[in-house]
Structure formats: C-alpha cells, structure tokens
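**Student:** Position chains B and C against the provided structure of chain A, taking the given hints into account.
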Amino acid sequence: MQYPQLSLLLEAGGILACNRHLTASHRVPAVANYFLTGEIMQKEKTHATAIELKGITKTFGSVVANNQIDLSVRKGEILALLGENGSGKTTLMNMLSGIYRPDSGSVLLNGEAVTINSPEDAIEFGIGMIHQHFKLVDVLSATDNIMLGVKGGSRWLKKTRSDKIQEISRHFGLDISPEKKIYQMSVGEKQTVEILKVMYRNANILILDEPTAVLTPQETKKLFDILRRMKAEGCAIIIITHKLNEVMEISDRVTILRKGESIATVETAETNAHELTELMVGRPVELSIDRPENGFEETLLEVHHLTVANEEGFEAIQDIKFELKRGEILGVAGIAGSGQKELCEAMAGLLPVSKGAILYNKENIIGKSPEEIIKMGISMSFIPEDRLGMGLAASMGMVDNMMLKTYKKNKGPFVSRKEARELSKRLIKQLGIVTPGVDTPVRRLSGGNVQKVLLGREIESNPNVLITAYAVRGLDINSSYTIYDSLNEQKQKGVGILFIGEDLDVMLELCDRIMVLCHGKVTGIVEAKTSTKEEIGLLMTGGSGKEGSADA
Amino acid sequence: MRESSSKRHYNEPLARIVKKDAMSNQRMAAYSVFALILAIAAGGVFIFSLGYNPFKVYATIVSGAFRSSISTQGTIKIAIPLLIASLGITHAFKMQFWNIGAEGQIIMGGIFATYFALFHSDWPHWLLMLVMCAAGMLGGGLWALIPAFFKTKYGTNETLFTLMLNYIALYMIKYLAEGPWLDPKASGFPKIASFEKNARLDEVFGVHAGWIIGLVLVGVVYFYLKYSKQGYEIAIVGESENTARYAGMNVKKIIMRTMFLSGAICGIAGMTQVSGAAYTLSEGVAGGVGFTAIIVAWLAKLNPFVILLVTIGFSVLEKGSSVMQSSFGLPTSVSDILQGIILFFILGCDFFTRYKLIFRKGGQKNDN
Amino acid sequence: MKKKLLSLILTAVMAASVLTACGTADSKDSSTATESTEKEAIALEDFKVGVIHIGDPADGSGYSFTHDQGIVEMQEELGLEDSQVIRKNNIADGDAVATRTAIEECIEEGCQLIFGTSWGYMDTMEELAEEYPEVMFSHATGYKSNGTNFNNYFGRIYQARFLSGIAAGMKTETDKIGYVAAMDNQNSEVTGGINAFAMGVESVNPDAVIYVKVTNTWFDPTLEGQAAEALLDMGCDVIAQHQDTTAPQLAAQNRGAWSCGYNSDMTKDAPKAHLTAPIWNWGVYYTLTAKAVMEGTWDAANYYGGMDDGLVDISPLSENCAEGTAEKIEEARAKILDGSLKIFEGSLFDNEGNEVCKEGETISDADITGNMTWYYKNVEVK
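Chains as they are written, first to last, in the UniProt record's numbering: chain A, 1 to 552; chain B, 1 to 368; chain C, 1 to 382.
Here chain A stands alone, though its shape is the one from the complex:
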C-alpha cells in the first residue's frame, strides 16, 4: 500500500475490469493493476461463462414475450441474438439490464444467481446496455455525459477522469473528442459515447440493441472493429440484430428467438444465412426481392431547387433536385435525420416549402390545396415514418382509420362508416391483417399489421405517386416481403414510388434508382443495379461516389 493514489483511482471508477492492457500505457503501476485484475482476468478469459439465463419467462398481460428462454455468453465471445421484430429479443435484454424483472427463471452471473432489480444493479454487476435510442444529454460534452451519474468523487478528479476516458478510447479505437458536445456529433459518434459510458462503468458484459440500424456501412465497420477488440479483451458481448449478414460477419455464436422462445443456438462458423432465416422465420423463405422491369418512361414529378425548413426553422432540405418517373421505385438513402422526413412531408404538403418547385406536367403544385392537387389528377399517398403519430389515429379502430382521407365524401353532416367497414374487412383478407376486430384500436395491433392497415388504405386510394418512409421498419421478414410485393405491384401499375429506406441491401435489390441525402443535400443519385453499398455509404457521409456528381 505504498501507492496512496491507488484507492483514489479506484474510487474514481476508472479501472476497466476487462481491460488488462490498459494499464500498460497508464500511470497506475503494474502492481496495482495486478492487484486489481491480473490473475483473476487471466482465468476468466478462457471461455468461462460470463452470464447465463435459465428458463426466463416474462409476460405482459396475456402476451408471453419470453417463454422459458435459455441463453449463455462466454467471456471473450460475441453472441448474436437473432429474431424477428416481436420475437422477444429486446424484452430479454431489458431483463438483463434491470429494466424489467422476469416472472420466473434465473440469471447466473459467473455461475452465481443474482437478482437485477434496476439498471444500477446491472451496472454494478458489470452489465452495460447500449440502447437503440441513445440516452444522452445533448448540450453536454462527451466527458460530461460519460461521467453523469457516476457516484462519488469530486470536481478536482475531472482531469483524471478525462484522462481515463481518453485512455479507454485510445485503447479500443473509440474515436471521439471528449469535449465535443453531443448535439454536434454524428450518430456514430453518439453511439461511441454510449459505449464509452458503459465501459467507463466497468462493464464487462456489453449488450447492443440493433446498433447498426442508424449507422452507415463505414460506421458499422468501425463499430465491428471496436467490438472485436473488446472481445479480445475478454468482454462478453451480446448483439441484438435481425440483419443476417452482420450476424455472419461479427458473431461467434447465434441464439435464435422466435415468438418468445429460444429456438436454437448455433456456431456461426457452422451455419449460413439461409439456415438462420429458416430458424428465425420457422420455414424456408425466398430471400430475393423482385425488381420487375416495365416500359414506363414518362416523368411523373420534377423537383427543382426544393428548400424546406423544419419546425425549428432550420433548413432541413437544401436546394435539391430530382425527378420521379412512372413505374419507378426511387430509393432515398441517408443517415437518419438527413432530411428524409422533411422531404416527404414537404412533398405531401404537410410542411411549407421555402423555395423551389414540384412540377407535375410542368405545373407547380406547391402552394396548392390538397383539393386542387387532386383535381389535377395527382393522387399522392404518403406512408409516414411515425405511423401511429401521423398516418393513423392510434386509439381508433380500422374502420375509423379507413375514413381518414375519405370521410368528407359522404353527403350531409354525418359520416358513413359503411364503406369503411367493408374496406376494412376486405383489407384484412387481402393483406392478411391480424386483428381481433375492425373496431379494435390499431395501437393494439402489431407493427406489421399497423403498417398493412396504413399501406392498404393508401393503395386503395389509387395513387399515382406513393411516398413511403421506412415502410418495413419494425416488421418481420414475412410482413416485409408482403410490403415489397405490394410496392412492386403498384410500380407495375405505373405508380411512381419514393421509397425512403434504411436497409441498403434491400434498397439495392428493390429500387430502380437510389438518391442519397446528406445534411439535406443530394450527394448523388445512383442506378441500383450497378451500385454498391460502399458507394452509397460514402455518399451518405458526403463523399462522392463514382456516379455521384453526374446527377446531383
């Protein structure tokens, strides 16, 4: 105990339990490091089980979210938790991180049964979760966010802590500037801060919930590098995802959940995407998406110099230009928040346009009322991102939601629910919507069914322009393919479709052309057939692709 600063540093919470090498480049003397982690870590690194779940069951009312689930992760291993939306992945992980408590079953940490009552407990146990939605304070710096809520210590330790953060970053290749404010950061940087946050709290079991959903391919690659380093350090990592290629790329083992049950756990090296899909969906699935050709040539809409300010007055769309042909699916790619939402809403007439024109048959439709636009023969359907918040009335049934755009057509002061009721029944059959009844509030339906209700209604209105924002977000594979098929059907009818998407693999297969947005500007429009994910990824971050400059 001749090193008095040791206890101090301990209190500052700066020592990573899973990081043995950290101290090599650090001021803490080797003896202290050894005292802390040395021998224990050495043992633990050898594929001992870090955490094990046994027979976990969790119900929400009558819904069984998790049923007798078994799962284990070893130290120095990346486990992919694969399953469709609604299969219970997030619920399971929320129990590990102390947000929910299981109804039955047990959690074994290093072979010892524990009860995790709160996220604080989880952190004490070394379990850190990176949520899909970041939990960061926008106006604070990375350092402040990381240290927020860390108990003990006083201000003067800030410098030491800051050093510690830098150490961790450098070691894992987490590339951030500690004093940068969150609001100035890209999505990837924010995620890095989240990871640092849990690492700083000594996490050695890391759970990432759909971490790549918001990242560009390049950022995804970076993230995977980080994860591999952590794995090498002996951390146990669980990554929740439904993207098969990522599973194949990063994981050592895969546990597959289906409808709340653990179906199988397989070694990644011994499986393939097809087998995983089959396990995940429960039956063989054809994984290719059609891109039917058609003879339509004429231009439906021309967008010129469109500039749109969002609600805060910030120019979310700046001077963009593109055209949409009949019978074409034009994909819109970009990092989340690059102006996709504003583009859709401006085109659907929901956001005022500051500058520019949208031409239909050489006639500008901006500034025209919805009625006037319909009179011109344009029927625009918009499937917004936030379905329950914008496209549908959440606490109303299908019938009332069907009337949303047509309720005025009935003569007299009253609404007629007759047609809407018939339409609802027809859609339930056509699209296989699962609902207890046509009057059940739509918020009680699953995400896929909600999307089908919305899509069904919009297609039913026979549009010639269809705008869809994240049409398959949150849907299972079956539902997603139903949606793709419906979109292709519309395309073959000559409808021009603007497809705002996030899964580049899907977009490359489904779309005819892909327009890439970055910070509200078009950085390129590429032919989907000839383009690659990497090219689009570059455009998403503002770099120029090989064909980028031609169309922009």
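Read the hints as simulated data drawn from the structure, not as lab findings.
Restricting the straight-line Cα-Cα distance to at most 20 Å, the calculated cross-link-like pairs of lysine-lysine (PhoX-like) are:
| hint | chain 1 | residue 1 | chain 2 | residue 2 |
| --- | --- | --- | --- | --- |
| 1 | B | K197 | C | K144 |
| 2 | A | K221 | A | K533 |
| 3 | A | K408 | B | K226 |
**Tutor:** Using the frame of chain A, we list chains B and C on its own:
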C-alpha cells in the same frame, strides 16, 4: 464490494408495478364501482372518526337529495349547469384541448344573456328566450375562441390562458354590477336587478327548462361527436394533430370551431343559470361549476351518457351534503373532504386499470 | 345543418315548456290569492326557524355574530330546541343561486319562518315568498314587503347614532370629526346615519365639522383603516364609522385620537380610543316575530324598531368620554323615548344650503332608510 451488493439483490422488492393489458369496458366499469365502494368505506371511516354514525350520515345524504319534491328539484337544479358545462368541456377535451375555462365561459354566456333580459324584457317571451340562449352561446363561444385563437396563432398554453380568462370574466360581472348595470333600486348595493318574469326561463315539473336542454344536449352531443364529420375531425385532432394534417384537415379551423362550440355549450349553462336559477346575474353564476365539470367529464371518460350519470351522482352528493350540514351540524368542509375522498379513489382506480402490482411471493427463494 | 337541427329541437322544447309553465304559473297565482288572510297557529314543537347568515356566527364578533345573538335570545325566550333552528352560514349575498338554494333547504327542513340577514337576499326572498306562500320570510335592512308573508325589518339606528354624535361632539378638540362610510350618498342607510350623527354632534358642538370618507365596501379592514388614517391626517381627532370591522377604531387608537364604533361594543377592541357605539339588539325583533308567526298573527308589515323597543341603543360609555357626556346623552335619550325628539325634524338644511325639511315637518322612516341622498349642513365629503 461485489459480494455484499449481490447479497443485497437476492431480495426482490415487496411489490412491483407491471403494465396490464387493455381492459374491456365492463371490467373498467367494475373497477370504478369497486373504487366507489372503497371510497364510501373510507369516507365512512372518516365520518366515524368525527364521532358520527357513517350509515346515518350517508342515508341523510341520499335521502336529503330526494326527501321531498323541493329537494329533488334542488338536486336537479344543481345538476343542470354541471351537466351542460360538462358536455361543453367534453368537446374541447376530446380534442385534447385543455379547456379549464368553462367557468369563465359560463359567466360570459350569462352576461350576454343578461343583456337581453335587462334591456329587451319586453320582447315576446319565446323570442326572448331563444335570443338569450343564442346570446349565451355567443358569449361563451367567443370567450372560448380567444384562447383557441392564440393557441393556433402563437402556440400559447391553453390551460393557463383559459384559467386566467375565468378571473377576467368574474371581474366583468363585478364591473357591470357596480357600474353600467347597477340596479337603481339597490340603494348603492352593487347588484344587477332581478329579471322580469318575461325574461325568466319557464319551469317544467317545478324545475326550470334547463334540464330539458341538458337532456337534449346529451343526445345531441353524443351524436355529434360520434356520427358527424366534425365530431370525427375533433377525435382525429385529439388523437394526433399530425394525423389530422396528414388527412388534409384544417387543424386550426377545427380547433377554433370546436372551442367555440365548447364555450357555446358552457354559455348555455350560463344562460340557464341567470334566467332559470338566479333570475339575475351575480358573481355566483358559475359558482365553481366550470371546475367541477372538468372532473365530471374526466370521470365519465367523455361519454355524454356517463356524464349524465356522474353529474347526478355529484349533484346528489352536493345537495345531500348540504342537508347533512344542517341536520348533523357538520361543517360543509366535511362534504368537501368526502368528495375529495371519492375523487381520490376513482382517479386512483385509473392506475389499477392500467397497471397491476405483483407482490413478492411468500417464502419463495430466488436461488433455485 | 347541425345547428339548424339543434335550434329546431330547442325551439320545440321552448314551445313545450312555455305551454306547461303557463299552466303551473296560473295555479300558483290562484293559490296565493286564496291564501294570505288566515294563518294557523303552530305548535311549539312543530315550529322551525331558518336563518341565512352572510358570515359565520362562530367568528365571535361582527355582523353575523350580532344577528345570531339575537336568534339565540329568541330561541331561549321561546324555548326552542337546537334542532328547531336551521342556520345556513356563509351565504354570499352576491350569489342569488346560493341564496335561493340555502333558503329552499330551510323550507325543505320544514321552517315556517326564515330570516335573511343581509341586504343582497332581498329580491330572492321576495320571489320565494311568492313561490312558497305558506312560509314566512323576514329580511333585514331592506325596504320591500308583500303584506302576506314577506317583510323587512330594520331599526332607527339613527337614534343611536345621534347619541353617539353627542359623545363625539363633546370630545373633539379640533372640531373635526372623521366618519368612515361604507357607501356614498346612493345608500340611504349610510347617509341617514351620517346625518343623524352630524346632528348629534351639532346639538352639543355647533362648530364641529364631520369629514366623510367613502370606502365603497362594507367589509375591508385595509381600506377602512386607510380611510381613517386619511381623516386623521386632515386633523380629525374623533373617528366614527359605518363599517363592519374595527380597523378605523384601531387607526384612531394608534394616533391617540378618539372613536365611535358600530354594531357591537368596540371598547374591548380599542380601549384607549373608543367612546361608545351604536348597537343592535336583534333579539327583540326575532322574539317578537317568531311569537307572532307561531300564533298565526304575523301581518308581514315592515318592522322598524327604535330605541323605545330596545332594538337599538348605544354601548355603555367608556371612561374616555368627556365630562358631562353621560348627562347630555341621558337628556337626549329621554327626549327620544318620550317622542319629543324626532331627530329628522325641520327645519333642516343640507350642506349645499337647500332646505330639505321644512319647519314643523318630519322626514319619514322610509325616506331615512330608503331615500336620503343629501348630507347635513355640517358634513363634508372628502
């Protein structure tokens, strides 16, 4: 450190809050009834602790509200403005526009109606009644339109805005009573003259015709909200303004129109109060009805027929409490406390319709 | 469309209600017509009295307390049980609905006689008297009556004010007396009181002037106190009041001046300043009326009691009074009681020099309480 902390976590908490499935309406109603019974029991304990027999006190409350035709009529008279104002508020609340200003809208309805009662009392009776009713609607409606306008134009907070307008309306009565509309026969006492017979609302079965208006409104409001296009628009705007805009609705127009209607119905309550109950315009014209109506509308989940039931319940309680006060010598504040207890339980029951508590299972160890 | 429908329904409802209401109104009218003359006697155990208070008697002083003391006196005098007196407290007299509800509840309880103690209840009571001809209504401080079951009661408080004016006139050294008045000359009750007080002052001190300050409120300790301060600043050394609180008394005491209270003996509130106060003894009227109603002999004539009935008086003179005050007051009291001093007796001049009452004439009590807009010659409104 870890050793001790993990030991600590072997114990699960005594109770946990867990979200429930959506409940059927019948179960919901059953919960409310159960809450009411609990409230009555808790109120009974309170009465008992004051040294009275709770059964007797409760019996007095109920019998006090209906013991004679006068008292039944009195109960109905309490119910009329409450019913009408609750129906008015319902429009705004359905739209998620938090109209706390029913009080002021009732007052303005009363003021507008009073103008015709004071200065055009010579008009034919039925014409005068219709004009007063229309004036009441206009007064209440315009008063409600002010916050709606500022909300849609400048995004002001309607809760505060409508609340503040209540006080302005109240002081307006004060002003009128002390100045322009001062009763010349009142020897300087600041009051507005009593209406002439011609300007009074007729009585049907011993109670002014406001009860008929109220009952008719229950049906009208129900059909308006449920089956009319405007009612549909109100529901959509209340659900999500974005969805309403998405559907091509003119949200601002709908908010203004609905608030006008909301205020107009409250204005009718003001009109029936001045012409049917007070026969004059006084500061007590609304008498807190506008606030109680919020609770009524809320408890009734904005269903007009349930509003009718809840209103009757509240009126019985209020009327009965007053009798309780004079026959037991209990201060009026006791009835306020009873009302508070009932509200507490019924609103509290809302929690249990959405969540349930899971208690730690006795004796079960977690180390299995 | 919707609105059209609504108005149609409303019109239909209105029409229907007009028809039915006409019917009921007719029958009510006829019943009042046949009623009125003969009233039956009521057995003591069946007799119930209702009282509508503007405040709460439990406050222990002030207006409602004074009235309730009278009710208690009546109850003891007649031997009524507590359950035979129904009190409705804190009924704001600006609230016609609350007033009506309170009175109707008394009727429900079976009261045959209802006293309303505040001015604002008058119109409502008059209406209810018509609706409930079998119930007797008696209302304080107003002027209306219907000769069958509704009257007003009040008293010649001006007699007591005259006497208190003597005490003030004897005491003042600056010859400036302040008077904090609730209402201006639109209110006869206040104006008549000021004039009587002024005449009392004049009777012993012809040089003294009465400065009046109007607060426009019956009850507001702050305003009342401020008005008194202002009067003291003008050099007044005696403060009188027609207000409900003791604030003017306290203001006078703080400045080492003198004062006359009102309603109840305020010597206990301002022992160093208070001279005497005009006071009410409502028990006299309540006992009288309750007896008459019980015996079925009540004629519902307006009651206007005076010092001879014991309804009004002044509180015992405090030791602050000037020497000789007691004698002067006794002298005047004797004259009032034997009828030789009527106070509002010509010839009287107002403060604008007009003769408002000719030599040999007197002003009626009705005019003093209901129709007096002029101030006596030694009064100045500030």
